[in-house]
Amino acid sequence: MFSGEQIAELLESLGVTHVVTVPDSTIGQWQGAIEQRGATQLVRVCREGEAWQVAAGLYMGGASPLVMIQCTGLFESGDAIRNAIHDWKLPLFAIIGYRSYLNQDTLPGDTCLVFTEPTLDAWKIDYKLITAPNQFPVIAEHFAATRAGCTAGAIVVAEGKA
Amino acid sequence: MMQAKEALAVVHELRGKDDVVITTMTPARDWMTMPQGPLDLVLVPSAMSHATSMGLGLALAQPERRVIVCNGDGSMVMNLGSLVSIAEARAANLTVLVFDNGTYEVTGSQRVPGAGSVNFVQLADGAGFRATFQFFDIETWRRGARNALFAPGPTFIWLRVEPVIGLPGPKSPGPAGARATAFMEAIRGG
Chain F
1 MFSGEQIAEL LESLGVTHVV TVPDSTIGQW QGAIEQRGAT QLVRVCREGE
51 AWQVAAGLYM GGASPLVMIQ CTGLFESGDA IRNAIHDWKL PLFAIIGYRS
101 YLNQDTLPGD TCLVFTEPTL DAWKIDYKLI TAPNQFPVIA EHFAATRAGC
151 TAGAIVVAEG KA
Chain X
1 MMQAKEALAV VHELRGKDDV VITTMTPARD WMTMPQGPLD LVLVPSAMSH
51 ATSMGLGLAL AQPERRVIVC NGDGSMVMNL GSLVSIAEAR AANLTVLVFD
101 NGTYEVTGSQ RVPGAGSVNF VQLADGAGFR ATFQFFDIET WRRGARNALF
151 APGPTFIWLR VEPVIGLPGP KSPGPAGARA TAFMEAIRGG
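Chains as they are written, first to last, in the numbering used here: chain F, 1 to 162; chain X, 1 to 190.
If we strip away everything but chain F, and leave its shape as in the complex, we get (with noise of 0.2 Å):
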């Protein structure tokens, strides 16, 4: 949906100075624009649960990280993210990529489209779903907003394949 140009760009000019990260097949062809651009730093953990206490750390420490992971991580993560959010109450971002939301052909009927906005919701995480290009300022649009307010937020960015 989005070129990884188009992410670097619009990660250095929110501010973004690292981007933790477990890939998937959309997300994680966003890695190389931003290594290229160099402007935001990448760093790669092994789970999900590690990427939003990784960017807690880098928070308290006076970064301005993001999380970029799949929603099949953010299952993963609950632990994680319940204790960053809502016990330090730090304010986090994250992009997350839902899996199979615009093509269920590689896997028909998968079950992340019937968990992944109930786990948001759960977590009582502010998000907004894009599904097409043509809301990529939504992305710098939810960011300020939850910025300002000091609360946690999300991109669910819709992809297709597996």
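Derived from the structure by calculation, the hints contain no laboratory data. Don't take each hint at face value.
Stated by the list, open to error - Derived lysine-lysine pairs resembling DSSO-like cross-links, with alpha carbons at most 27 Å apart: (1) F/K124 / X/K171; (2) F/K89 / F/K128; (3) X/K17 / X/K171; (4) X/K171 / X/K5; (5) F/K89 / X/K5; (6) F/K89 / F/K124.
Given chain F, put chain X in place with the hints provided.
Just chain X now, kept in the frame of chain F:
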């Protein structure tokens, strides 16, 4: 083996005033019996096993500071991948200590998987840590601690300590949100 609290006291004595010290689980309980500073982050409540991940984030955000994470063995085996993440990030200012007592002490001293057989230094070496150390008695630890704690990292230190049976787990020293605010003021202003 050594007493966990006396092993932790060595860290307390040697840490610099600008160093961040993160404690969780049993080390957190013992750390709170010692004088506290503004750059002490007692991770109670914590996300299970994520003190190392929090430490990595702080180390990357504050590369001029030493960040020391005092972890338990149960927490470490729950998040072994974080060793790889730390090595991947080449966090030269990060030191991870594992206080290995072989038990989930805060939940009533149940056995940790691999207790007595896991070699934590081999795990850290294999993950790619730059410096690794192991200390199994207090005198050797006291002699080697300064060199180990402040070695160019990422640095890993394995301490074999005695379990303590019957003590309660650590209690939060106050609302986490307020403590986060105070900690951020201290670390960003320092």
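Status of each hint after checking the structure:
no.	hint	verdict
1	F/K124 / X/K171	holds, 26 Å
2	F/K89 / F/K128	holds, 20 Å
3	X/K17 / X/K171	holds, 25 Å
4	X/K171 / X/K5	holds, 16 Å
5	F/K89 / X/K5	violated, 30 Å
6	F/K89 / F/K124	holds, 12 Å
The structure shown violates just one earlier hint, number 5.
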